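Single-letter residue listing:
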Amino acid sequence: MNLLALTKLAWDLEHEPGLLDRYRADAGPVLAGYRLDDAARQAVLDRDAHALLAGGLNPVALRNLLVLLGIPHADLYRGDHRSA
Amino acid sequence: MSGVAWAGATSHVGAILRNPHAAPERSDGLNAGWDAMAAEIRAARLDALVVVATDHYETFRLEHYPTFCVGVADEYEGWGEFGNPAGVVSGSPAISAGLLDGLVSGGFDVSRSHEMPLDHSFMVPLLRLGLGDLPIVPLFVNCNTPPLPSLARCVALGTALGRAAAALPGGPRLGVLGTGGVSHWVGLPRFGEVNEEWDGHFLDLMATGRVEEVLGWSDDEILADAGNGALEIRTWLVAQGAAGAAGGRLLGYAPMPEWAIGIGIMSMATP
Chain A
0 MNLLALTKLA WDLEHEPGLL DRYRADAGPV LAGYRLDDAA RQAVLDRDAH ALLAGGLNPV
60 ALRNLLVLLG IPHADLYRGD HRSA
Chain B
0 MSGVAWAGAT SHVGAILRNP HAAPERSDGL NAGWDAMAAE IRAARLDALV VVATDHYETF
60 RLEHYPTFCV GVADEYEGWG EFGNPAGVVS GSPAISAGLL DGLVSGGFDV SRSHEMPLDH
120 SFMVPLLRLG LGDLPIVPLF VNCNTPPLPS LARCVALGTA LGRAAAALPG GPRLGVLGTG
180 GVSHWVGLPR FGEVNEEWDG HFLDLMATGR VEEVLGWSDD EILADAGNGA LEIRTWLVAQ
240 GAAGAAGGRL LGYAPMPEWA IGIGIMSMAT P
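Chains as they are written, first to last, in numbering that gives the first Met the number 0: chain A, 0 to 83; chain B, 0 to 270.
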């Protein structure tokens, strides 16, 4: 996974005005702006903490990213968040 | 006497401020510990406080990731990330510049930042201790993005910081506050766990001046036993190195599963 791109995405979703709303409306065009490989892109879309962790994403950045995408910290590794 | 007049360390989780009375049978004792620490700091009549802490991918990211970085600004803005406190705290550029000079000439080629927003690892302790009006010098230590500085290197950084503080012109009285730990897991499947036994052992070693045993721990061991958040004990080691004496006084400890962390509060012995 391109870890730099993932950490940039996490930071931008947190701090760039309007980006999180645009992501929620249509994730594809937002993700297209980052150099994510297919596995990383799919893990983000699936909000898949297991895959992101296995891919090497730092757990702190992982937490930031998935909490921004609506998963409580305590639930990151519980259940399937693809359609939630 | 100039130099480091006070040193200590505390955990920094945002729940300290967001949910301070989560478990009164334990959080009351912790709040008393922070009140005692705040009184010590006030009594020390500090000119500035060096806050040794980490960052959670807010200020430092993979584009630029220092191992050690000292802030040299005249003020610092809090990120206010994820419901943590925002606001602005004052810096002390002259003291920052003097410490930077002293650290570099003392063999620590630390980075510097003229604009260094602070996350909760700085802001939560400052606000909990009521120190919003005390000028600070933020000192970032990489505690979460390997390769990390060794534990021994962090003690040495603290020793160099103490020497640099003692050499500052005008003899300002400085405090050094480390923030982070103790056991907790961030962004990992074991989030929410606390290792009370590990916490107690670490705090006992620090309080009784047996830092050498801590320096024998590998990061893999710390990670397995106490979580990635416990890697933040580096900031405690910097503080104790800066204090210039062995040992400390435990002002509070409690496992706080309600906050997903073990909380430790300690003032370090000074000569």
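Hints are not guaranteed to be accurate.
[To be verified] Take a look, some chain B residues computed to stay more than 10 Å from chain A by CB distance:
1) P65
2) V103
3) S110
4) R111
5) S149
6) G186
7) L187
8) G191
9) G246
[To be verified] Some but not every residue of chain B turned toward chain A, in silico, with C-beta under 7 Å:
10) H55
11) R60
12) L61
13) Y64
14) T66
15) N143
16) P146
FYI, nobody ran anything at the bench for these hints, they're computed from the structure. Since this is a predicted model, take the numbers as computed values, not measurements. Using N, Cα and C, we set each Cβ at its ideal position, and we do this for glycine too.
Examine each Cβ of chain A, and state whether all of them lie more than 10 Å from the Cβ of V103/B. holds (28 Å)
Beyond 10 Å from every chain A Cβ - status for P65/B: Holds, because the least Cβ-Cβ distance between P65/B and chain A comes to about 15 Å, which exceeds 10 Å.
Given N143/B as an interface hint, is the shortest Cβ-Cβ distance to chain A below 7 Å? Result: holds, 5 Å to nearest chain A Cβ.
With 10 Å as the threshold, tell me whether S149/B passes as away from chain A on beta-carbon distances. holds (19 Å)
Was G186/B rightly flagged as not at the interface, with every chain A Cβ beyond 10 Å? G186/B not clear of chain A: closest Cβ-Cβ about 3 Å, inside 10 Å.
Would you settle whether the hint for Y64/B is holds or violated, based on the nearest Cβ-Cβ distance to chain A being less than 7 Å? Cβ of Y64/B sits 10 Å from chain A, so the hint is violated.
Verify the interface restraint on T66/B: the C-beta must sit less than 7 Å from at least one C-beta of chain A. Nearest chain A Cβ about 15 Å off; hint violated.
Interface hint for R60/B, Cβ within 7 Å of any Cβ on chain A: holds (5 Å)
Verify that the Cβ of S110/B lies farther than 10 Å from every Cβ atom of chain A, and report whether the claim holds or is violated. Consistent with the label, S110/B stays out of reach of chain A, its closest Cβ about 19 Å off (over 10 Å).
So, H55/B near chain A? Judge it on the closest CB pair being under 7 Å. holds (5 Å)
Classify the hint on L61/B as holds or violated, based on whether any CB of chain A lies nearer than 7 Å to its CB. holds (5 Å)
10 Å Cβ clearance of G191/B from chain A: violated (6 Å)
Hints 6, 7, 8, 13, 14, 16 from the list above are not met by this structure, while the remaining hints are.
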